[in-house]
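K.L.:
These are the residues of each chain, in order.
There are 2 protein chains.
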Amino acid sequence: MSQPRDLSPLINPKSIAVIGASNEPYKFGGRPIRYMIQAPFGGPIYPINPKEDEIQGLKAYKDIRDVGKPIDMCIITIPAPAVLGAVKACAEAGVKSLVIFSSSFAEVGGDGAVWQDEMRKVAEESGMLICGPNCLGMLTPDNWAIGTFSTMFDHGWPVPGGLTIMTQSGAVGAHILVQARDRGLGIRTWVATGNEVDVDIADCIAYGASDAETKVITAYMEGCKNPDRLITALKMAREAGKPVICMKVGSSEVGAAAAATHTASLAGADAIFDAVFKQFGVLRVHSLEEMMDVAAAALVSPLPQGRRLGVVTVSGGAGVMASDEAEKIGLDVPELPQIAQDAVKAAMPYAAARNPVDVTAMATNQFDLLQQGLEAMLEHGKVDMTMVFLSAVGFSDRIMEGLNKIFPEIRAKYPEAIMAVSMLCSDENRRKFEDNGYLVIEEMNRGLRIMEALARIREGFDQGRESDPLPALDADVRIPSKILNEHDAAELLAGVGVPYPEMKVATSADEARAAVQALGGRCVMKILSADIQHKTDIGGVKLNVSEETAADAFEAITAGARQHMPSASVDGVLVAPMAEPGVETIIGVQNDPVFGPTVMFGLGGVFVEVFKDVSFRVAPFGPGEAMRMIRELRSLPLLEGARGTKAVDLVALANMLSRLSVFAAANADRFESIDINPFVARADGGVALDAVIAPKAQNSPVVD
Amino acid sequence: MSQPRDLSPLINPKSIAVIGASNEPYKFGGRPIRYMIQAPFGGPIYPINPKEDEIQGLKAYKDIRDVGKPIDMCIITIPAPAVLGAVKACAEAGVKSLVIFSSSFAEVGGDGAVWQDEMRKVAEESGMLICGPNCLGMLTPDNWAIGTFSTMFDHGWPVPGGLTIMTQSGAVGAHILVQARDRGLGIRTWVATGNEVDVDIADCIAYGASDAETKVITAYMEGCKNPDRLITALKMAREAGKPVICMKVGSSEVGAAAAATHTASLAGADAIFDAVFKQFGVLRVHSLEEMMDVAAAALVSPLPQGRRLGVVTVSGGAGVMASDEAEKIGLDVPELPQIAQDAVKAAMPYAAARNPVDVTAMATNQFDLLQQGLEAMLEHGKVDMTMVFLSAVGFSDRIMEGLNKIFPEIRAKYPEAIMAVSMLCSDENRRKFEDNGYLVIEEMNRGLRIMEALARIREGFDQGRESDPLPALDADVRIPSKILNEHDAAELLAGVGVPYPEMKVATSADEARAAVQALGGRCVMKILSADIQHKTDIGGVKLNVSEETAADAFEAITAGARQHMPSASVDGVLVAPMAEPGVETIIGVQNDPVFGPTVMFGLGGVFVEVFKDVSFRVAPFGPGEAMRMIRELRSLPLLEGARGTKAVDLVALANMLSRLSVFAAANADRFESIDINPFVARADGGVALDAVIAPKAQNSPVVD
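Chains as they are written, first to last, in the working numbering: chain A, 22 to 725; chain B, 22 to 725.
The hints are simulated quantities; they were obtained by calculation from the structure and are not laboratory data.
Please note that the accuracy of each hint is not assured.
As the list makes no split between identical chains, a pair holds if one copy fits it or if it spans any two.
To be verified - Think about it this way: if two alpha-carbon atoms lie no more than 30 Å apart in a straight line, the pair counts; the simulated DSSO-like pairs of lysine-lysine are:
no., residue 1, residue 2
1, LYS633, LYS48
2, LYS426, LYS35
3, LYS48, LYS434
4, LYS80, LYS48
5, LYS349, LYS246
6, LYS525, LYS366
7, LYS83, LYS35
8, LYS426, LYS48
9, LYS236, LYS72
10, LYS403, LYS366
11, LYS667, LYS633
12, LYS633, LYS366
13, LYS366, LYS48
14, LYS633, LYS349
15, LYS142, LYS503
16, LYS633, LYS80
17, LYS35, LYS717
Make the full structure from the sequences, and use the hints.
P.N.:
Encoded structure:
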């Protein structure tokens, strides 16, 4: 894994200059200086303004090169045409990082795009980090480095802490930062990357992964220019045990990669992002609220070991509500072990003890019994997380007094237990609970969703620790640059471990009959030509061919090709035995323009065409990841033997997908797409019935 | 429609007595008196306590019969064994309604259950309304009738208003009420019905429907004892144009109705509740937070006419985020008409005008232009609702000053427009926006979900206004009490309008051959016996029978029956032509123990067995409702001609389901279940291939 770039001059600058510094405290060039004076920033501030000697009470310099002292970061907030000159001046002055607020660069095109390209060159040559242009900048509350013109500080300061917030959008990033501040979450750093001429979201995630102060990383993403850096950063975060909670927009956009092949049209860039997130343990969220919910929880709570949920409520109905939601989101509400039920019953004979445990409203008058019941669940219940529904009792001062006594005691006995409390109460009481490590949330179901997200983060970490080595392939299996016919493509893929039936190529009616005879009769015959993709349309496929009908079938197939595609180069007719039935699946590899070779798997027919029930993984991946990919399908029960059929050998399937992914990754520069459609999955491993490999730089063929 | 019960003595009591009244202000018998003195209640309070002359400063009475004045409501909060006596005393005293806090009745069984039954009789004989027992009671802030021992008032009083909150659970109901109070929602009334010995949730919803002060009804439900009353209440609310927002728990419970037939095992009580909610325009929510979100919006906002969403943002990314969520929840983000785009561009040339409209952050410095852009969208955009994403700008006092000027002006010009603003700001600024009819919510996606819910409420109302008359059936089509064989069941269902093929019954090999000949050859033959359900298992079905093979087939089928089911009464062999292919569907009617005849429809095979993709409606219903039932299926594209097949005649299908529902409702007392499995749906209307009618009071047969 490559070393991440050292972003500390940007994240933790010890000295900050401002080009375009203003005496007007509400102008873009005035705000950061005002904020840093107020905060105050823990280092020198160097305002740069050719017309002023003093800015907001600080000594000003005419030019960045006049400062004569080390400058970790320089904010640039001047009109676009002047920016490139300032960037070069900064490089000359040995500035280590820039934050460029100014806009009208690549996002408007024209001169702006040219300037931005020039900027990139300066960054590459000088090693100076550039954040932006067209960005809302950065903030590190620890030393109050404030490289942003956001107005948020007018209404309060965030507190330092362990949450690292990365965003490609300024407006959305400001929204996230303010939400985090208003929830009282401690911020490690906040960076809005804007046009990403140099520093990008992947660099930022990698920084968070290696930064000792960062506990949790949130990322708002719109796209990715450097997938290798992104994947490296995600792996680093996972290895460091730091949750990455990501909101990626664009799931409804028509994917840019929607090329002509079947596989590609199903993929779309967002589905591949989704696969990357699953593959590298990123928790993908679908709203900023969800992002903050989970981030807040992950900052204070350990991650659950599993999905077993214990529910304790003062209301039977709330217990049912919790069970409903748990089933919906995939948490188990297991019956408690008898010893736990007995202990609950011993404390509260009237309680329902099975789980959900209903201690009834009486428990709020008998705190010692409530405590005994809860501790019985924690001691003997074998649950991974606990939800306590206390309704509106928090608004009774008398009850709250009792609860504030027992809950710290429970926490002291079970310091590692993951416990959420659904309760309406004052902010003060909420904080008391939170200080004792309880997640406090009004809405129980939302609390359950948060705990489920924590479980998913944990599962992602576990995946990363799992041994899932890539299978070794014969190094000689390389895709040639010529277009392959089905026979040659199948032979190549068979070498990777994709099971194909024994096949013969016939170039005459006699050979065709001999082939059918050799293969035991009852064969399929197909026109063999790299130029013909829609074989069925031209009568190029005959099923159930016998020795008797072989010659006629050969003639009919070749005549069809001559008639309908006279210019096609025909290599003969492919003869193969009819396949035993099984579950028809579709396997594809798309060479995604962003992420490279990406394997798709799904069931054929309506499942892929109507329900789009397919899963993706970026190549290469091991058999363990392939198994998760298979298990993600909604139609999984059909592979597992629903409706009385024999279960498919999923291990063989996963091994094959994994081998195919290794092959695809090794040949990334040699193909556009690979389609194995259909692949008949069976208990004996199954068999592939077609093979299309579209080489690089060819127009992608459409499979039939 | 039956008249609802008059609940006004319970909801709007002018005088309140308390049996079990206490001088201790924090005891159950002390709290309501304390609250009503504080509030104060707008009528006389009569504490009843045999041991005291005065309670909390009020004159106390030894017995309810001593009061000697009209009593609208009496709260009873004494130990369970004494309650029945008190109830009888209240009836004697002419009390009009009771709220019984006391518990240990039906919920614990034994004596309690007997006492509760007795109570019911008193209610029936006297006409006295009883709320409870084992209930948290009621609250009507308008005159501060406080019939509850909830502790919530210790931390603040709710305000009067238009929200009627009905709940079967006290703890959950308190949670809802406190949430509503803390959001500042105006409360019309709040009733927690507990054990529902008399007044139930349906009565309460009906009250809300006919109450002039009620604008929106929320209901928390765990079950339903009186479906007719519930449906009547829901119809009333719909006709009155009052949204019913319902949280019904128990979706994960194993339905009590899970009887032996195929249909029933798929149904489960919750699926039928779900159908009822869809059918009668109830918005089903899945968390209390969602309930409050939608209730709050419905109290202030008109309902959108359709699902066309306009999005205006200060950030391109937020626009993509909105489009993602819109697609997910079924809102359209249509391209704006050119005239609207031109108008936006005229105000802000740099804006993206297609929709989402990105006015960029510059708009927050140019309020007149932002106003022009927004008004262009409202004037020309032809959208049903608008989301404005303003991010964290609300924390800039300067920007907020500008926004607080233009948004009231925009509202004044477009008083009916449904507009939400996603913005972080102070409570004070939020209220200013809300006062101008904007929905203000931090999380944009949550705001979109709220607007979608309002659209769904509107669609429910529109459904109710739609003319969807029940088809008239031949009054003679009655299910006989004897068990019908397939031929007779098919004949009966054919009379209802279910298309069956021409069928013949053969009782000899000769007749079988003649039947095949008469039907044109290529027939299916099936054993005909009301005693044999698993026909295939005993070789009782032969396909593709020709005139030549007819005699052998007859002998084989009848021999199989004799061998495997020697005691079965066999009526012969049923002969029918092989069906043309189509989409295999399954139609069932289950006589639900709660809601009565309920029609199920879905696609056959994996769709019903693996994906449980079926929809339900309670009988009877018109063809319009049947069409919605069909369109609810995830596998709908297969009926609409996905994969190049001809589309099924959905209108014919809907008409048939509607006719079947009318038939089922008319025969509600005569059958357990009806199964038409498979029904082959086609462009020509299709054909039913089986018919099983299980009569009432028989063990339900299992279809094969």
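K.L.:
Against which earlier hints does the structure fall short, listed by number upward?
P.N.:
Numbers 1, 2, 3, 6, 9, 12, 15, 16, 17 - these are the hints that the structure violates, sorted from lowest upward.
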